[in-house]
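Student: Use the sequences and the hints to build the structure in full.
Protein chains: 2
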Amino acid sequence: MSSENQSRLVSVRHEVEEELRAFLTRQSHYLNQISSDLSPVSTAITSFLLDSGKRLRPLFAFAGFASGKGVLDKASTRAMASLELLQACALIHDDLMDGSDTRRGKPSIHRHFETLHIQDELEGFAPQYGLSAAVLLGDLSLVWADQMLNSAGLTPKQLLDVVPIYDEMRVELMAGQFLDIHEQTQKHTDLDRSMKIARYKSGKYTIERPLHMGAALSSHSTPELMHALSEYGLPLGEAFQFRDDLLGVFGDPSLTGKPAGDDLREGKRTALIAMTDARCSEAMREESRKYFGKNDLDDKGIAILQDMIISTGAKEELETMIDDLTGRAMNAIENPAIDEGARTFLTELALIATKRSK
Amino acid sequence: MSSENQSRLVSVRHEVEEELRAFLTRQSHYLNQISSDLSPVSTAITSFLLDSGKRLRPLFAFAGFASGKGVLDKASTRAMASLELLQACALIHDDLMDGSDTRRGKPSIHRHFETLHIQDELEGFAPQYGLSAAVLLGDLSLVWADQMLNSAGLTPKQLLDVVPIYDEMRVELMAGQFLDIHEQTQKHTDLDRSMKIARYKSGKYTIERPLHMGAALSSHSTPELMHALSEYGLPLGEAFQFRDDLLGVFGDPSLTGKPAGDDLREGKRTALIAMTDARCSEAMREESRKYFGKNDLDDKGIAILQDMIISTGAKEELETMIDDLTGRAMNAIENPAIDEGARTFLTELALIATKRSK
Chain A
10 MSSENQSRLV SVRHEVEEEL RAFLTRQSHY LNQISSDLSP VSTAITSFLL
60 DSGKRLRPLF AFAGFASGKG VLDKASTRAM ASLELLQACA LIHDDLMDGS
110 DTRRGKPSIH RHFETLHIQD ELEGFAPQYG LSAAVLLGDL SLVWADQMLN
160 SAGLTPKQLL DVVPIYDEMR VELMAGQFLD IHEQTQKHTD LDRSMKIARY
210 KSGKYTIERP LHMGAALSSH STPELMHALS EYGLPLGEAF QFRDDLLGVF
260 GDPSLTGKPA GDDLREGKRT ALIAMTDARC SEAMREESRK YFGKNDLDDK
310 GIAILQDMII STGAKEELET MIDDLTGRAM NAIENPAIDE GARTFLTELA
360 LIATKRSK
Chain B
10 MSSENQSRLV SVRHEVEEEL RAFLTRQSHY LNQISSDLSP VSTAITSFLL
60 DSGKRLRPLF AFAGFASGKG VLDKASTRAM ASLELLQACA LIHDDLMDGS
110 DTRRGKPSIH RHFETLHIQD ELEGFAPQYG LSAAVLLGDL SLVWADQMLN
160 SAGLTPKQLL DVVPIYDEMR VELMAGQFLD IHEQTQKHTD LDRSMKIARY
210 KSGKYTIERP LHMGAALSSH STPELMHALS EYGLPLGEAF QFRDDLLGVF
260 GDPSLTGKPA GDDLREGKRT ALIAMTDARC SEAMREESRK YFGKNDLDDK
310 GIAILQDMII STGAKEELET MIDDLTGRAM NAIENPAIDE GARTFLTELA
360 LIATKRSK
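Protein sequence lines correspond, in order, to chains A and B.
Residue numbers for the first sequence, in our numbering: 10 to 367.
Residue numbers for the second sequence, in our numbering: 10 to 367.
Treat the hints with caution; some may be incorrect.
Identical copies go unnamed one by one, so any copy, or any two together, can satisfy a pair.
[What the hints assert, rightly or not] Computed cross-link-like contacts, SDA-like style, restricted to lysine to any residue with a CA-CA straight-line distance of at most 25 Å:
#1 Lys364 to Met330
#2 Lys299 to Gln42
#3 Lys83 to Pro173
#4 Lys196 to Ile43
#5 Lys83 to Asp170
#6 Lys205 to Arg35
#7 Lys205 to Gly133
#8 Lys277 to Ser45
#9 Lys83 to Asp176
#10 Lys303 to Glu132
#11 Lys303 to Glu130
#12 Lys83 to Pro165
#13 Lys303 to Glu291
#14 Lys78 to Thr164
#15 Lys303 to Gln137
#16 Lys299 to His23
Because the hints were derived from the structure by calculation, they are not lab data.
Tutor: Right, dumping it as structure tokens:
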């Protein structure tokens, strides 16, 4: 990979962040004009968005845009950046649904507002205030995402081309999220179901649809390009989700910003867990029930479950699947419908999505 | 009012409901193609939307549309109907935040999914499943609202005109909702703050912005028309919210679909409560603390608080304010910027919004 292209992705990320900052500054001012009581809202969303984040979805949108020979301007940068606000909604609501205390090493939004309630000695029940704030801040992030996209300054044609993809992506996201919470309520794990969740929550939402949105914004969007980007994006998206599953069990808390073994404590029915379960003896399965999904799971319990995932071979198999899926994605980059200038971006992003440690 | 115009509003409501039904049928089919596990989602949202509802926001949009000489077609009907999906999001999330068990005489969405969890003997914690389902069904309703608006078949000009109003309305809604939950945490009631919440939650969201959206869809949208509709919509919206406040305390459960005195049990800091509080003696205020906002508030406690609201004169004062505000709205209808043919619609809707018993 040329260092020129690598620095190009870094500069795109920087431009995305600058547009987010400008949008959030304007919107915070707007809220403050309604009432100064809204300042904790804008402060929390701004910090949530700007303090950290990989900006993966805007970067995939940029790669799709470059695949269609798009030349970046402020309007298209803003449209891509809006995906970060949608992701903020997904994460804020996700943490609330999972009861997660932390996100990116900081308190999750519902915990943050719960703490404000206690610190400021407000009336009522602090967890209910935290819940309500998280529901509304997620909703507001979702609405701001639309507003940022709609007011980006795109041409009417760009807007009319991109919006149907954007809408379908969001329906797929919510469908994937519901299947995910529903999966946690099932008596038995099921690899097919877990794979479908990975496909909708990540394959489509994180990678394929952002690529398509970027392509739709470019001037050379063709059915062949859309198809080629799906051939790249869908397997890569699944690989991305499987990496997430592995990090949720084996990730280093100092890098992930989440406690060690967090997915084990939450009892998340991921593809990794379904694969482990399918390879377990009945005795192991019995043993795992003592630890999996227990709120008070400690380091010893985590280590026992981790050993099980390794000794059944599930971890290794998932790593192999990630490699295979990434390989399929890499092959798809050679499709002639994709502009040559975009290939190094797609290659680099495939590595970032699957080799990451956070 | 001519019976011809009255039946016109009834037929518009019917057309709005038919478009909602068609949209929901198509979207339910789409979800079902992803997974049959999503059928409780589409069933619940469809029933929530189609079993009842006054369709006030689409009807106000229609009145704004008629004010600008708009002639109704399928595309504009769909755009107006999309407001019902947005309202579904607001109500589903509102019930979750308030911990309300019922909506329109049926279980609220979080309670409905909690019950499904128990009935189907699912794994995990039923209330957490109910919470997650309510978060996601609200999010999906919000996304479907956009999708219905964006895919309504409007001309590009109509879409570009209406979307900025739609986006601003949704930001105002979320801001109003946050101010509302924040108000419940304050040590003291404050009439000015409660009035501002009424303005954002209802004045703008329920009435002014739907009118503006309708006007933007029409062919005669002018700054004068927008201004005239604000002069009508803002006072009427406040009157609408105050009627809601009164129904939350004095409403007949068989009509409201909510338990008697629900707002008293939830301890809602409405304008009505702020006005009562300002007129109370210290002894009465002391007495009210025994009942107001108590989960186990019974009929006797409700009657004591109701008496207080009546004896301080707060109820009567709020009724007078509703009359005054409605009068201001009625006067604004005479503005020449408003097409004559729309005036009877605006008059009828003003009565529906303020004289209702549910």
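Student: Each hint needs a verdict: does it hold in this structure or not?
Tutor: Hint check results:
1. Proximity of Lys364 and Met330 under a CA criterion of 25 Å is satisfied intra-copy only: 13 Å inside one chain copy versus 64 Å between copies.
2. Taking the shortest alpha-carbon separations for Lys299 and Gln42, neither the intra-copy value of 53 Å nor the inter-copy value of 37 Å comes in at or below 25 Å.
3. For a Cα distance limit of 25 Å, the shortest separation of Lys83 from Pro173 qualifies both inside one copy, at 21 Å, and across copies, at 19 Å.
4. Within a single copy, Lys196 and Ile43 get their C-alpha atoms only as close as 49 Å, which misses the 25 Å cut-off; across copies the closest is 21 Å, which meets it.
5. In the homo-oligomer, the alpha carbons of Lys83 and Asp170 lie at most 25 Å apart both inside one protomer (18 Å) and across protomers (22 Å), since each shortest distance falls under that limit.
6. Taking identical chains as interchangeable, the C-alpha atoms of Lys205 and Arg35 lie at most 25 Å apart only when they sit on different chains, with a minimum of 21 Å there against 39 Å within one chain.
7. In this homomeric assembly, Lys205 and Gly133 come within 25 Å of each other (Cα to Cα) only across copies, at 21 Å, whereas the closest approach inside a single copy is 41 Å.
8. Proximity of Lys277 and Ser45 under a CA criterion of 25 Å is satisfied inter-copy only: 21 Å between copies versus 39 Å inside one chain copy.
9. Proximity of Lys83 to Asp176 under the C-alpha cut-off of 25 Å is found in both arrangements, the shortest distances being 22 Å within a copy and 21 Å between copies.
10. For the identical chains of this complex, Lys303 and Glu132 are inter-copy neighbours only, at 13 Å across copies versus 32 Å inside a copy, given an alpha-carbon limit of 25 Å.
11. In this homomeric assembly, Lys303 and Glu130 come within 25 Å of each other (Cα to Cα) only across copies, at 19 Å, whereas the closest approach inside a single copy is 32 Å.
12. Taking the shortest alpha-carbon separations for Lys83 and Pro165, both the intra-copy value of 15 Å and the inter-copy value of 22 Å come in at or below 25 Å.
13. Taking the closest pair of Cα atoms, Lys303 and Glu291 come within 25 Å of each other only inside a single copy of the chain (19 Å); across copies the shortest separation is 50 Å, beyond that limit.
14. Within a single copy, Lys78 and Thr164 get their C-alpha atoms as close as 17 Å, which meets the 25 Å cut-off; across copies the closest is 28 Å, which misses it.
15. Taking the shortest alpha-carbon separations for Lys303 and Gln137, both the intra-copy value of 23 Å and the inter-copy value of 15 Å come in at or below 25 Å.
16. Taking the closest pair of Cα atoms, Lys299 and His23 never come within 25 Å of each other, the shortest separation being 46 Å inside a single copy and 56 Å across copies.
Hint check: violations occur at hints 2 and 16; the rest are consistent with the structure.
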